[in-house]
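All the letters of the sequence shown, read from the start, carry residue numbers 82 to 216 under the numbering used here.
Derived lysine to aspartate or glutamate pairs resembling EDC-like cross-links, with alpha carbons at most 20 angstroms apart:
#1 K211 x E113
#2 K109 x E131
#3 K211 x E123
#4 K138 x E183
#5 K138 x E107
#6 K138 x D105
#7 K109 x E92
#8 K144 x E131
#9 K154 x E113
#10 K211 x E183
#11 K154 x D194
Simulated DEER-style distance windows between Cβ atoms:
#12 N153 x K109: 11 to 21 angstroms
#13 G176 x G198: 16 to 26 angstroms
#14 K154 x R103: 32 to 42 angstroms
#15 G178 x D105: 17 to 27 angstroms
#16 N212 x V168: 30 to 40 angstroms
#17 D194 x K109: 16 to 26 angstroms
#18 K100 x N153: 33 to 43 angstroms
#19 E107 x N197: 13 to 23 angstroms
#20 K154 x L101: 29 to 39 angstroms
#21 K199 x G86: 24 to 34 angstroms
#22 N212 x A89: 20 to 30 angstroms
#23 I165 x V117: 34 to 44 angstroms
#24 K211 x R103: 30 to 40 angstroms
Keep in mind that the hints were calculated from the coordinates and are not lab data. Please read all numbers here as calculations on a predicted model, not as lab measurements. Glycine is no exception: its CB is placed at the ideal position from the N, C-alpha and C atoms.
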Amino acid sequence: MDRGGFNAAIEELIRQSRKLFRVDCEFKASAEINLVDHSSAEHLYRIIQEGINNAVKHGQSTKVLVNIIELNKFIRVQIIDNGIGFVGNWRSHNGLGVRIMEFRAQLIGARIDFINGKDSGAIVTCLIPKNAGFL
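Produce the entire structure from the sequences given, and follow the hints as far as they go.
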């Protein structure tokens, strides 16, 4: 992240995910995300990485979109997939990945939500206050 910035790091993660999982993985960003706090950027990167991993391994997704939108006081990160979504109550599952994502979000003062998509798949939304180390 230090060399090319946060967006470049996510673009590389997307390229690696395409190769590793053989899925259609895409990244969109409304603005360049500038990191002030390296630790917060690392946690957000890992949340995105785990979201992609979960979408493919558990959600059986063939398409994953990572969408970052800069809002007035927040940065909204969404990981949207076309897989099977969350079966039943996702909180009742004993998976460590979601719990780690929640923990990382808490560490950077963010809110994270997990919902099923309208037609299929899952949507992970992480809402990060700009004062959490991002501009």
